[in-house]
Amino acid sequence: MDKNKNIERKVVFWPGNIIVAEAAIAAGCRFFGGYPITPSSEIAHVMSKRLPEVKGKFIQMEDEIAAMGAVIGASLTGMKAMTATSGPGFSLKQENIGYACMIEAPCVVVNVMRGGPSTGLPTAIGQSDIMQARWGTHGDRPVIALTPAYSDEVYSETIRAFNLAEKFRTPVFLLIDEVLGHLSERLEIPDPSEYELIERPRPTVKPEDYNPYDPSFGDVPPIADYFSGYRYHTTGLNHDMTGFPTTSQELGQSEQERMIRKVMSKVDEFESYEEYMTEDADILIVTFGSTARAAMVAVSDARAAGIKAGLFRPITLWPFPEDKLRELSKNIKGIVVPEANLGQLIYEIQRVAHCDAPIVGVNKVGGVPIYPNEILVKIKELV
Amino acid sequence: MTIRLAHYLRMNHMPHMWCPGSGIGIIVKGILTAFDELSINKNDLAFISGIGCTSRAPGYLDMYTLHTTHGRALSFATGVKFSRPDKNVVVISGDGDSTAIGGNHLIHACRRNIDITMIIVNNNIYGMTGGQYSPTTPTGAKAATSPWGNADHPFDVSALCKAAGATYVARAHVGSGVQLQRLIKGGLEHKGFAVIEVLSNCHTQYGRRNRLADPIDLINDVAKKTVNVRQAVKMSEEELEGKYVVGLIHKDESRKEYCEAYDEVIKRATASR
Numbered sequence: 002m003d004k005n006k007n008i009e010r011k012v013v014f015w016p017g018n019i020i021v022a023e024a025a026i027a028a029g030c031r032f033f034g035g036y037p038i039t040p041s042s043e044i045a046h047v048m049s050k051r052l053p054e055v056k057g058k059f060i061q062m063e064d065e066i067a068a069m070g071a072v073i074g075a076s077l078t079g080m081k082a083m084t085a086t087s088g089p090g091f092s093l094k095q096e097n098i099g100y101a102c103m104i105e106a107p108c109v110v111v112n113v114m115r116g117g118p119s120t121g122l123p124t125a126i127g128q129s130d131i132m133q134a135r136w137g138t139h140g141d142r143p144v145i146a147l148t149p150a151y152s153d154e155v156y157s158e159t160i161r162a163f164n165l166a167e168k169f170r171t172p173v174f175l176l177i178d179e180v181l182g183h184l185s186e187r188l189e190i191p192d193p194s195e196y197e198l199i200e201r202p203r204p205t206v207k208p209e210d211y212n213p214y215d216p217s218f219g220d221v222p223p224i225a226d227y228f229s230g231y232r233y234h235t236t237g238l239n240h241d242m243t244g245f246p247t248t249s250q251e252l253g254q255s256e257q258e259r260m261i262r263k264v265m266s267k268v269d270e271f272e273s274y275e276e277y278m279t280e281d282a283d284i285l286i287v288t289f290g291s292t293a294r295a296a297m298v299a300v301s302d303a304r305a306a307g308i309k310a311g312l313f314r315p316i317t318l319w320p321f322p323e324d325k326l327r328e329l330s331k332n333i334k335g336i337v338v339p340e341a342n343l344g345q346l347i348y349e350i351q352r353v354a355h356c357d358a359p360i361v362g363v364n365k366v367g368g369v370p371i372y373p374n375e376i377l378v379k380i381k382e383l384v
Numbered sequence: 006m007t008i009r010l011a012h013y014l015r016m017n018h019m020p021h022m023w024c025p026g027s028g029i030g031i032i033v034k035g036i037l038t039a040f041d042e043l044s045i046n047k048n049d050l051a052f053i054s055g056i057g058c059t060s061r062a063p064g065y066l067d068m069y070t071l072h073t074t075h076g077r078a079l080s081f082a083t084g085v086k087f088s089r090p091d092k093n094v095v096v097i098s099g100d101g102d103s104t105a106i107g108g109n110h111l112i113h114a115c116r117r118n119i120d121i122t123m124i125i126v127n128n129n130i131y132g133m134t135g136g137q138y139s140p141t142t143p144t145g146a147k148a149a150t151s152p153w154g155n156a157d158h159p160f161d162v163s164a165l166c167k168a169a170g171a172t173y174v175a176r177a178h179v180g181s182g183v184q185l186q187r188l189i190k191g192g193l194e195h196k197g198f199a200v201i202e203v204l205s206n207c208h209t210q211y212g213r214r215n216r217l218a219d220p221i222d223l224i225n226d227v228a229k230k231t232v233n234v235r236q237a238v239k240m241s242e243e244e245l246e247g248k249y250v251v252g253l254i255h256k257d258e259s260r261k262e263y264c265e266a267y268d269e270v271i272k273r274a275t276a277s278r
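The listed protein sequences correspond, in order, to chains A and B. Just so you know, we're using the working numbering here: the first sequence kicks off at 2 and counts up by one. Just so you know, we're using the working numbering here: the second sequence kicks off at 6 and counts up by one.
Simulated from the structure, these hints should not be mistaken for laboratory data. The hints are all genuine.
Think about it this way: if two alpha-carbon atoms lie no more than 30 Å apart in a straight line, the pair counts; the simulated DSSO-like pairs of lysine-lysine are: (1) Lys272(B) x Lys56(A); (2) Lys261(B) x Lys56(A); (3) Lys207(A) x Lys92(B); (4) Lys272(B) x Lys11(A); (5) Lys272(B) x Lys50(A); (6) Lys248(B) x Lys34(B); (7) Lys167(B) x Lys196(B); (8) Lys50(A) x Lys196(B); (9) Lys256(B) x Lys230(B); (10) Lys50(A) x Lys92(B); (11) Lys47(B) x Lys56(A); (12) Lys92(B) x Lys47(B); (13) Lys334(A) x Lys379(A).
Based on the provided sequences and hints, a complete structural model is requested.
Structure representation (structure tokens):
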């Protein structure tokens, strides 16, 4: 987001959940299908008030599964559509999330992460759904998950979630956590002139020539809005470019490969991360979301103690920015991976990092955030 | 009057995948006839299903067709209709799809009274998955998962939908194509959530296990168990035991349709700005 110094921005003091809702409306979201769940419910509260004000549609469905279905249905009519949930609801939505991937329907799924498994800790922080985001639905499909850490980033990443969903014709996850969702911070609301809004590719061919998965338009084929004159078929079954079911092995393979390639071949365009004092770092901390804020303090404290620590913070968590981490990990003496779970991101770091140095986790569950000192202790152990 | 069936069909996708003698063909014909009689433009029509034999119908129809996940058709349909209240949305679903895995969506669509027409093809069995008993399989009947007879008690689907708040509830059977088509047409014309339960035959999975392997025998057996709603009012509860009342069971035009109710929400929200 380009910040123009001459623009006068509205300044607010909002919790993350309200920022998500307002940013979604700014991104053009006009449909919200939801189901009450803590700690995400404030997103639904704001959407139920704000959407009808902009002639959008809010509906509270009978369950999490239905909320996801309604969002996909709305998306097919051309609406920018969103749902918001938390761990248990995210689990319930997984089948329909896979369906949205398979039919290539743009939509945004917000998960305000709480403690798990099961009912876990509805009112307290967790970061334990990141692997569910990556692998939760059955089958292979592309995954885009964004993990902002600050209020202005919650705003900009929410907008980016819609843009990426539209651009790639796929569901995009916005993963925040209870702390970010409920933490009120100062926010300068960006002016619409400061960000770009992307619309899905729509067909320009004659209706009789339209195929919903036509590879001649590239890996992201145009998608027609329902009732726009392009009648077509949609199924979650393996399908060919016409959208109709096929049992051809070759088509099953090529279509699934295209679905993944459409995202993976463009990773460079939307990969995003923050580096803090990584240039000369001996100890690299890798973390995301609100835990990264504790890690920033730990890095400063370590530096004050004469330890060269640095922070690598993926903002696009999936696809993981692996090239950058591989580069950063080359001459490192140790990697610390703090996360509010019992060890999930660390598997990805172990897979990607290019070093023999120790990779250790700082893992805390039970509903209390990781403190800077807990990270600092691990940094000192590694030196 | 000539009915333009082919106008609404994707003829290049024939032949269809249903068993010869399956009632689904009769039902699809009834639906298309109703579309044509009402001159519904196929560019203004979304036809949505879940999973199962019945739910394969959209693939053969030339309109906006959405074959969704098992049981969830109504949730997708709600998203489509709520986004575009000016368009026609029709759902087709089998008994397992709509009353077991999709039961929650069914009762809430009834309660919400959203203007969707729902055709439930009730053939008392999960056909596509191999003949397991469904929530409408009669007690004692045999199925792949009830080889000793079904211990479970079936739903009365129409009564369920009426109780849940559907404002148009009708039941038809595949032995009477004209009544079937008339009741579907009534459902399409109705403003609100309309359910047409159609008693159908799966001779392959249900009939074969219950001494009714011939489709004609099974259709006759279904027809034999039906009583018209006009006769039913004159019959005692004992006489109606084991019978299915067919015809227009319930119609209420007094309740507000959901999208119209939400339009008023938008009016209030925009007026307060």
